Amino acid sequence: MRAAAFDYHVPKSLDEAVSLLARYGPDGRLLAGGQSLVPAMTARLARPAQVIDINRIRHLRGLSLAGDGVSVPALARHADFEAHGAQNPLAVLLSRLASSMGPLPVRTRGTFCGAVANADPAAEWCLLCVALGATIVLRSEARGVREVSAANFFRSVEMTDADDDEMVVSARLPGLPPWVQWGFSKVSRTTVGFGEALALCIAEVEGGKLTSPRIALGGVEAVPRRLGAAERILAGNAPSRTVAREAAATVARDVEPLTGDGAPGNFRRRLAATAVERAILDAIER
Amino acid sequence: MKHVGRSVARLDGPRHAAGKSRFLTDLEFPRQLHMHLVRSQVARGTVRDVLTEGAFTVPGVVAVWTAEDISHATVRAPLEGPYAALCPEPVLAGDSVHYRGEAVAAVFAHTADAAEDAAERIILDIAEEEPVLHFGNAQGAHQNTPSPGAEPVSMAYGDLNLAFHNADFTVERCLSVACDAPMAQEPRVAAALWDGGSETLRVWSAARPTLEGRRRIADAVGAPISAVVWEQHWAGGHFGAQAELCAEDVLVAMAARRLGQPVRWVEDPAERQALGGHGPGFEARARAAVSASGALLGLDVRFCLDLGAYPRPGAFHCADLIVSLLPGPYPPRAYRVAGQFQATNRAPMGFRSGGGRMEATFVRERLLDAAAAELGIAPSILRARNLSAPSGSGRDTAQDGPNKGLPTASVRADGHAVAQVAEESFALSVLRQRAAERRTRGSFCGFGIAQYVDVCGGGPFDRARVRIEADGGVEVVVSLAERGRGSHTAVAQIVADVIGVDYRRVRVRSGDLSPSEIGVSPFLRGGLTAAATSALLAAEALREKIARGAAQVLGIAPHNIAIRSGRVCEAGRNFGRSLELGELASAMAPGAAAECADGHGLFAEGVHRSSGVSFPSGLAAASVDIDAKTGFVRVQRVFLVHDVGNAINPGLAEAQLTAGAHGGVVAALYGAADPAGYGEPGWRGGSSSSFTGADLPPVEVALVERGSSAQNPLGINGIGSAGVVGVGSAMAAAVDDALGAPGFVERLPIDPRTIWAKISADGAAQSGGHARPAAAAAAKIP
Amino acid sequence: MTAGSVRMRVDLNGEDRTLVVEPRATLLHALREVFGLTGTRAGCQEGHCGTCTVLVDGEPVRSCLMFAVQAHRTRVETVEGCGDTDALGPLQQAFVDAGALGCGYCAPGFLMLAKGLIDRNDLGVDEIVETVLAANTCSCGNRDALASAITTARKAAAPVSPP
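Residue numbers (the working numbering), protein chains in the order written: chain A, 1 to 286; chain B, 1001 to 1782; chain C, 2001 to 2163.
Incorrect hints may appear among the rest.
[What the hints assert, rightly or not] Per the computed footprint, the stretches of chain C lying under chain B, defined by three or more beta-carbons under 8 angstroms from a beta-carbon of chain B, are: (1) 2008-2017; (2) 2068-2076; (3) 2096-2105; (4) 2133-2147; (5) 2150-2156.
[As the list claims (entries may be wrong)] Computed from the model, here is a short list of chain C residues facing chain B with C-beta under 10 angstroms: (6) T2040; (7) A2042; (8) E2059; (9) N2121.
Rather than coming from a laboratory, the hints here were simulated on the basis of the structure.
The structure presented is a predicted model; accordingly, all values stated were derived computationally and were not measured.
Virtual Cβ for every residue (Gly too), placed ideally from N, Cα, C.
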């Protein structure tokens, strides 16, 4: 239960951090919230020789939820999204997701960008990025700033498009119009556990019909993704329990669940459908 | 002021609140060495080589041991009788490994970091073989499996054939309980210190100081058994999970002796499941013969237990309890049970909280629920018809076999009283009604009950010492360690009442009091019953001494002595001469004016010889809600009634039962150490590890003081882990009720997949689709 | 001290302390092994159980999920800073009075978490209780007693400030 020895670096600026990453490549790991990295290191499942602690880089803090759209800096903690003053739909959605994420002492340390960089398939923030079509902003010494859409960023379980020398410096979330309706569902056997399936539904209603619906599913497949078939069922239809059920029915057919974690494929498909149906209902009834 | 029977505050409360209580993990020794183990990553294989050279490149490493360095020592002696063919658990694996996580090499170093760094540099060359991970379907595939057909535990009475011949109907079920991992808050610790000056070995262990344990440790260090001092210590939330001696206990003792320095080992949480001691997997085929009036005529059960890789006493003890307690509070006219064991390539099984009793209760109560459904009567009514009379109706004790002397059913368990108090306290029939009403409105909610008989106490001996100190305080030493139940506070209450002082003047601590040639029973240890009784006897003897001494000093007849708030005076007089207890202690000290003839001063010892165990009776009830779209079960409320005999401190008793009930809920919902059956020692990230208080239901407890045990003068029945015993069965009944499918739940923990499949199938049937049968566990017992 | 050790300063329970640690030592290890403050306890060490919860700059954190060096120039509060056996703080006394102590192992973690939330003074009683029970685990069956202890302590503290 003790991490393997490492050298500890405390860069004071983003340039310095990126330069350290360039120097150490695969031997270096960035330490932000540490809520995944530290236990992985103490269990010796991760053993970076160089740890680059970015917590002292002041300008990576400072989250503002007031505007249209949000640029989430690298040191925004989960808990920062909970107590928001802003009342725009995106801020409310962020607050809802943040408060469902693990026990409070983990939320006070864990960061949004760290969760995105970790790419856990069941992470709420990864799901959100995919659903919103967020832009992940990367920086490295060699290539400077590079922007990748969330849909292309998550590659597999804990694997992303970022190279060893690249740092997730921020995530840009597009704003939501005031009339948007959204719903979230996390299917979990425990109150604070990871979701066995989680779904987010965002849609607008125009003339009594659902338009531009977005449905994303996480925790089931290797990466969170939009569910095109379910979205097509919602589009152009009046919001109803029936349409929610029909959209969910496509999910059980569409998804290919990861296996080997105790819940067999068929059951996990069913849980995925339930999460999607509940997210849609939550959106419709909101 | 009397203390017994009142919920006085715990004496150790302020220490706990201040963070000042000391646990095994807090132990530190000057010049200590840290041990770290290298464990097999495969579940079964032949060890070709262990390359230890790399470890010595790490500064601070003192020694590295493999099986050869310790002469292939084993944790326990080979078993006798029907189990003689089973190979005993090695301290370090030699030529082969039999479960993932088995220790192969041990590293000793000056720091914990160095020990762990060095352990990583040791290379295990193991040829992997196909492991046996699922018990029941691969008989004989493991060297530790007894030959097929052997049924080493069994019991029978009455004419079973006649019972089934006369039955109006029979119910039959295949029932199982999955292997479960113990959940301790504090990591396991083993530490040992060899004092070359006095040639004694001090051992700190979570294991209980059994005679066998003392002998193994003594042999390991080449010292006589009397040279082993077993230090009892506070432990954090163990509750039986760590009772048995482990390889690590033996290793630190050997190392302390051989390396001449204190040695300490602290379990790494990643090792927790590898350490074993899980509740064994259990499968049973059970049938009951029932008359048209609902009388239980015959009970016939065959079962199999998963031993894991090596036999540990806990698994056998579990089997013995199943055999003894299957009939529970309803002794049938004829009974037959036979159990067998099977080894698998999983961590060695042991004894979980409520072990044996939980399985026995599950089998019996499931059969009763099935019979009630068959008859179309309420489960509580069927139970009432079969409950034994309050006394004397228990069947004979077993005459031979491993259960010799254990009665098959409660001798004094008063199931009627328990059921009556349950109805009066909680209006269970109303709760059942309400659940039914909510179901008509479309909710999947249900209510269920289970009655049980637990077994507590045991011995054979326990002792306590009581002393009056010069400041008037009372010091009590008991062999029972405080493990979080407040037992020391209960002991203080008893002693305070006998001596006549405020209980806050009583200081209770644990010490190694059992004579080395006796030791304690590993499982049915006396617990509070034995400690409290010994302390009572010691306090009574001391009270006599006080009376005699005070009579001499004060010039009053001994029978006229009264002690009030620590002051000794003449009974019935408010004024006149009196003495503080402390003054009396000084006066009676060796060499003083009124010295005691025994040369001990104001000191007495009490020895409790237990003549048997007690059988507290109880009832658990649960109401559940099922999420129809996921099959997830949520327990809304749990009710418990337990016959404590005599509640020394009702508040503590209720807390202990509540803790047990919570443990039962967790085991029935999130249990199963290894749901996927991969033989993985750890199961990270699963929701089983992430339940919190927010997922636990409120528990309401009613204490009954009816069937007082005749085995001890205080009439304590004991509680132990009774809260666990019936909750899973009550939840199973509640799930059946919610689904409208009597007998549906056949396995603990309750699997949401089967519930969801059942609800979907019923839904499909109702909507005219094809009805599918509910997924049922295939019978695996031949 | 090894070559890779780091010198750091921390305000520990109101005292300015300096220590030299290897970067790989977690805050939990440093508190227990360097400072001898064993009231902070090791449990699952993967962030779930919460027995190791302490306050860093007033925020409840899992001390097993933070390297000690990260606490450089922060204010760390542990159970030892809340009061001693014979002079308990109000929250500790509430735990004793409510009978919220079983084996005592998880108590310091619960205490520090509750203290952090009460001191923050922006949550109501029910929110605090709900958050605490969903964050830490106790295996002694003290759920309801913990809730009542925290409720008592919260009510005795300052009223919730208006938003």
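- Message: To test your reading of the hints: which numbers does this structure violate?
- Response: As far as the earlier hints go, 1, 2, 5, 8, 9 are violated by this structure, in ascending order.
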